[in-house]
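K.L.:
Going down the list, the sequences are from chains A and B. Residues 1 to 159, numbered by my numbering, are exactly what the first sequence covers, in order. Residues 1 to 249, numbered by my numbering, are exactly what the second sequence covers, in order.
Worth flagging that the hints you see were computed from the coordinates, not collected in a lab. All C-beta atoms in this analysis are idealised placements derived from N, C-alpha and C, irrespective of residue type, glycine included. Some hints could be false.
[Unchecked claim] Here's a subset of chain B near chain A, in silico, CB distances under 8 Å, partners left out:
id: 1; residue: Val38
id: 2; residue: Leu62
id: 3; residue: Ser80
id: 4; residue: Val83
id: 5; residue: Lys139
id: 6; residue: Tyr228
id: 7; residue: Phe229
id: 8; residue: Asp233
id: 9; residue: Cys235
id: 10; residue: Lys237
id: 11; residue: Lys238
[To be verified] To give an idea of the interface, some chain A residues facing chain B are shown, with a C-beta separation under 8 Å as derived from the structure:
id: 12; residue: Glu10
id: 13; residue: Phe24
id: 14; residue: Pro28
id: 15; residue: Val49
id: 16; residue: Val51
id: 17; residue: Cys56
id: 18; residue: Ala60
id: 19; residue: Cys86
id: 20; residue: Val93
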Amino acid sequence: MKKRLIVTPERCINCRSCEVACSFTHAPKPNSPAISRIRVYPFSEERNVPVTCLQCEEAACMMVCPTGALSRNPETLAIEYAPEKCIHCKSCVYACPFGNCHYDEAYNQVAKCDLCGGDPACAKFCPSKALVWDTQPPIGKIDKDAVPRMQIKFTLPSP
Amino acid sequence: MRMVIDGRVVKAEPGQTLLEVATNAGFKIPSLCYHAGVESWGGCRLCLVEIIKASRPERSELVTSCIYEAEEGLVVQTKSERVIEARRDILEMLLARVPDSEVIRELAYEYGIIETAYVKREDADKCIMCGLCVRICEKMGAGAITMAERGAERIITPPFGEASDCIGCLACAKSCPTGAIAYLEEPDEVKIWDRSFARMRCKLCNAPMLPKEQVDFVAAKSGLSPLYFEVCDECRKKQSAKSFARLMA
């Protein structure tokens with residue numbers, strides 16, 4: 001069975017480590033973060049929802065892309081973006097019904113989740129297992145107070 | 001298959017062009033009109049390289065690497081004396097055509113050219129007639145611009161000067177290697193090819209989005225409902241979060 005990015009909003013503590021990890025992992029150059037592909041929306045203390053690309057089977061972004069700059073990676077099943085093929089028409093940004101395609105004006109690139117090529121940084125840095133890269137959802141209740149908040153140290157991959 | 005580029009053996013797949021093979025292997029070949037998203041057509045000719053075919057080892061020839069397909073046993077030189085000389089000639093001519101283009105000036109300078117020996121074009125714009133914009137517009141599906149007139153008069157324009165097929169996506173202008181296509185991108189409208197397009201606004205937050213013409217065109221072409229394009233990505237994401245939050249116990 002293939003690994004998936006499993007999101008369990010009930011476990012999310014709104015620490016937003018995933019956003020930071022995503023920004024730095026997708027930085028086009030060192031120390032120059034890109035916009036995050038994942039975002040946490042807090043509704044209440046107990047309700048925090050991380051939203052990222054669902055890698056739809058029939059993906060609207062892929063359907064509107066005229067050049068094939070968005071294509072499915074058969075290994076990870078993620079829809080990946082090839083900047084060299086993009087003609088910047090921004091059709092995908094507005095076609096996505098979940099709002100998971102963004103346009104990074106600073107780098108003139110589409111910003112969408114590519115599951116980091118099969119090892120998502122967001123899941124790696126999630127302290128409460130709200131995001132896991134696995135075949136099964138995490139089991140057991142989470143004691144949110146026991147999670148060491150904001151004690152995550154980043155070792156950034158050089159892009 | 002295997003080839004030799006600048007003395008190094010590299011692997012190539014059938015159907016790959018020399019430019020792709022060389023770029024993947026880390027060699028730098030200058031090019032202006034190459035774009036991976038559209039078909040190459042050897043317009044700017046800057047990417048030329050010197051090759052010796054296995055079937056004809058006694059003679060070398062210059063080819064444009066963006067359209068020449070990889071061959072077994074090909075020996076390629078990307079910066080031989082002959083290549084550099086040819087590129088200098090091309091750059092001198094480009095510099096005479098677009099004396100005000102920063103991109104061409106910088107590229108020419110890299111090849112040691114500060115002034116062109118040719119007569120500079122008067123009232124020159126920045127277009128080098130590489131045709132990338134035409135190919136991109138065709139790929140987009142609109143096919144709104146084309147080359148017109150002949151010889152030195154040749155220009156890129158919408159047919160008969162009227163941009164009736166243009167959808168205002170600005171893809172041509174944003175990919176132009178010399179920034180020759182004038183456009184305006186304001187919150188209310190985009191302007192290109194002497195035509196103005198009103199931008200749609202997000203139903204929820206009023207943020208400016210794509211021109212109506214582009215939405216109608218892309219929706220019809222992809223089979224998606226135009227309803228997909230009524231809300232901006234930020235508001236859609238928020239909506240998704242709300243839906244998921246409702247699903248939580």
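K.L.:
Are the hints correct? Go through all of them and say.
P.N.:
Results for each hint:
no.	hint	result
1	Val38	7 Å, holds
2	Leu62	25 Å, violated
3	Ser80	26 Å, violated
4	Val83	23 Å, violated
5	Lys139	5 Å, holds
6	Tyr228	5 Å, holds
7	Phe229	5 Å, holds
8	Asp233	4 Å, holds
9	Cys235	7 Å, holds
10	Lys237	3 Å, holds
11	Lys238	7 Å, holds
12	Glu10	6 Å, holds
13	Phe24	20 Å, violated
14	Pro28	17 Å, violated
15	Val49	4 Å, holds
16	Val51	5 Å, holds
17	Cys56	12 Å, violated
18	Ala60	6 Å, holds
19	Cys86	7 Å, holds
20	Val93	5 Å, holds
The earlier numbered hints that this structure contradicts are 2, 3, 4, 13, 14, 17.
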